[in-house]
Every structure is written in C-alpha cells, then in structure tokens.
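For the record, the sequence lines run as chains A and B.
Residue numbers for the first sequence follow the working numbering, so the first one is -9 and each next one is one higher.
Residue numbers for the second sequence follow the working numbering, so the first one is -9 and each next one is one higher.
Among these hints, one or two may not hold up.
The calculated DSSO-like cross-link candidates involving lysine-lysine, where the alpha carbons are at most 30 Å apart (straight line), are [to be verified]:
#  : chain 1 : residue 1 : chain 2 : residue 2
1  : A       : K128      : A       : K149
2  : A       : K19       : B       : K83
3  : B       : K128      : B       : K19
4  : B       : K83       : A       : K115
5  : A       : K19       : B       : K63
6  : A       : K62       : B       : K83
7  : B       : K7        : B       : K103
8  : A       : K83       : A       : K149
9  : B       : K157      : A       : K157
10 : A       : K19       : B       : K157
11 : B       : K62       : A       : K83
12 : B       : K103      : B       : K19
13 : B       : K12       : A       : K63
14 : B       : K115      : B       : K103
15 : A       : K19       : B       : K115
16 : B       : K157      : B       : K7
17 : A       : K62       : B       : K157
18 : B       : K62       : B       : K157
19 : A       : K83       : A       : K157
Derived DEER-like restraints, expressed as beta-carbon distance ranges [unchecked claim]:
#  : chain 1 : residue 1 : chain 2 : residue 2 : range
20 : B       : I23       : A       : G82       : 41 to 51 Å
21 : B       : K103      : A       : Q25       : 22 to 32 Å
22 : A       : G(-8)     : B       : H106      : 12 to 22 Å
Which bits of chain A does chain B cover? Going by a derived footprint, with three or more residues having C-beta under 8 Å, they are [what the hints assert, rightly or not]:
#  : stretch
23 : 66 to 74
24 : 84 to 93
Hint data in this document are derived by calculation from the structure and do not stem from the laboratory.
The beta-carbon is built from N, C-alpha and C at its ideal position, and this holds for glycine as well.
Listed below are the residues making up each chain.
Protein chains: 2
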Amino acid sequence: MGYHANLADFSDVDDRKEEALKMLLENYKALTIDQNNWVCNLSNASSLIWHCYRSLSIDINWAGFYFVNDDKKELLLGPFQGKVACQTIPFGKGICGVAAATQETQLVEDVDKAPHHIACDGDTKSEIVVPIVNNGTKRTLAVIDIDCRDFNAFEDLDKEYLEQLGKLIGETCIF
Amino acid sequence: MGYHANLADFSDVDDRKEEALKMLLENYKALTIDQNNWVCNLSNASSLIWHCYRSLSIDINWAGFYFVNDDKKELLLGPFQGKVACQTIPFGKGICGVAAATQETQLVEDVDKAPHHIACDGDTKSEIVVPIVNNGTKRTLAVIDIDCRDFNAFEDLDKEYLEQLGKLIGETCIF
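Here chain A stands alone, though its shape is the one from the complex (with noise of 0.2 Å):
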C-alpha cells in the first residue's frame, strides 16, 4: 500500500469533513487487518484523527485516547497527537471522566461553559469525548479525545463517524 505515512494524507478529499471521516474509518480498518495490540492501534489512529481534522483546516490542538486503568477506577493518557496532557482523569471527572462513566458521548461547544471541564491546556474552546466499549463486558476501555481551539467545532456529523472509529476501535483491539 505504498508508504504507511500516505495513509495521513486526507488533500484529495476536498474539504468535505464526512469524506474525510469516511477516509479515517477506511484507512483504521487498512491499518488494523492484521494488529489487534491497542497500543499500536491507538498511536496510528491519534495520528489519522490528528491529520483528518487539520487537512480539513479545523484548528484542533490535541487528538488522542485516554484508556482505563482498572485497578484505580480512572483515566490514563493514552497515544496522542499534540502538545503534553494531564496524565490522569479520574472516572466521573471533566469531560472525558463524564464519557467514561456514563457511556455517552460528550459533545462540548465551550469547555469554560462545562462545570467538570479540566484544563490541561488554554488554548482549548471546544471538545469532544467518544467512549469506546467492549462489546461483550459493556465496560468502558477508553476515550477518544479532541480538542479544539475554535469554539463550536464539533457537530452531530463528528459524534456520528467518532462513534463509528469507537465502535471499530472495540473491535479490533485487545486491551
């Protein structure tokens, strides 16, 4: 398939964000045919998210996971794209604890609006948190997370697709 970092490229797709998040969920599955380690998974997912989003000029500050650390009841930062994180979120707590304890995908327009969002960084105005669920147990595995320096930027048709990558995420990987 040519060279693995092609895979990031999202130009051809024309500015269309749901050709771009079809693309995204195409390009997953390419890259998970034969890997189901998460941490692998993950790292290469944090990076089609990352580029996704900025070939489509949406000015995201942070794209990545943050997993289950079952023994603690809390959030771990996972792979990313971006700058340093918060390390760890505890279940229920700011937004990605929300997704997490609740199974809901939080869809945030203004985070200094959202009474549990925790800053791990200023610049951000907007968020979203999908969880992703084991199929079978129906325990939470982790979070996908992104963050936004524009207000607003996330909409029904980012849940949507997020959701879709969540749900193969689930699937295709061993935690």
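For this one, chain A is given, so just place chain B on it according to the hints.
Just chain B now, kept in the frame of chain A:
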C-alpha cells in the same frame, strides 16, 4: 505547575539545542514523578521530543517509540507524533530493529544509504534511534525513534541527551 500543555513550550530556550534537550529531560522528570505507566509516559515523552525539536526549527517529521513484543521477537509501534507509521518491525531489521537488537544508538545521516532502512515515510532523510534497556534484566524494552526531512540532522549532542532520556524512561516506567 499550570497547564500541562505549557511543558511542550520550548520557545524560551533561544534556539540553543543543548538547553532545549536539558529542558526536555527536566520536563520528562516533572511529568513522571508520580507516574510509572509506560503508555502514559511515552505518550507525553513523544510530545516533548516533537515540540523540543520543532522549536529548534529542526524539520523532524516523526518522533516516538517502538516497544518490544516479547512473544514475537518484534517491535510494535508505540506512542508517537507525526504521520501514520509501520506497525511492526522484526528484531534486527530496519534501523529501529538494529538498535533494539544491538542496544546501540543508530545515528543515520542518510537513510537511503542505510542498507536495512525500512521506509514508513518517503520524506525521511535522516534518523536517530536510541535503545531503552531494562537496567536489571538488560533486555531491550523499547526504542526512541526520530526522523527528519533533512540529511544529517542528528549529531553526538542528540545522541548524548536522548540516551539520557532513554535511561530515564527505563528507570521511570513499568513496561
């Protein structure tokens, strides 16, 4: 300590590589005082390396880790910043695989002249790979891998400080 994201700000170091690399080590230590999870710590470390080198106007296109999958005697893709990358590298193959097998830093001025180079991205011109070794068992745990779009981007100074980072990672992370 303010926003975690601020630890990725190397702009005050006035373009002096040694100061930036010292700050990289100090920021890694600050982030890992109470944290020994290897996925969490390598995720933040990849961000520190990326922003350190980019702040020096060194045109790196990839910074991150491959970790050892003991079952298969291979390296698996770990946390990184940059474009999508190859998921697996056999021990002894490619520049990463040689670093893992020999436990010697590989400093490659021109990847096209390296007989065993595995190309994940055609833009890469030079590369440095530093092994991370368990201090007790002396087994390879992972490698630090940095790629640059310019020839001959890395020198003995990079080797010296990145080997210190590799040693710190070996001491601060449970794999």
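Find the hints from earlier in the document that the structure breaks and name them by number, from lowest to highest. 4, 6, 9, 10, 11, 12, 13, 20 and 24
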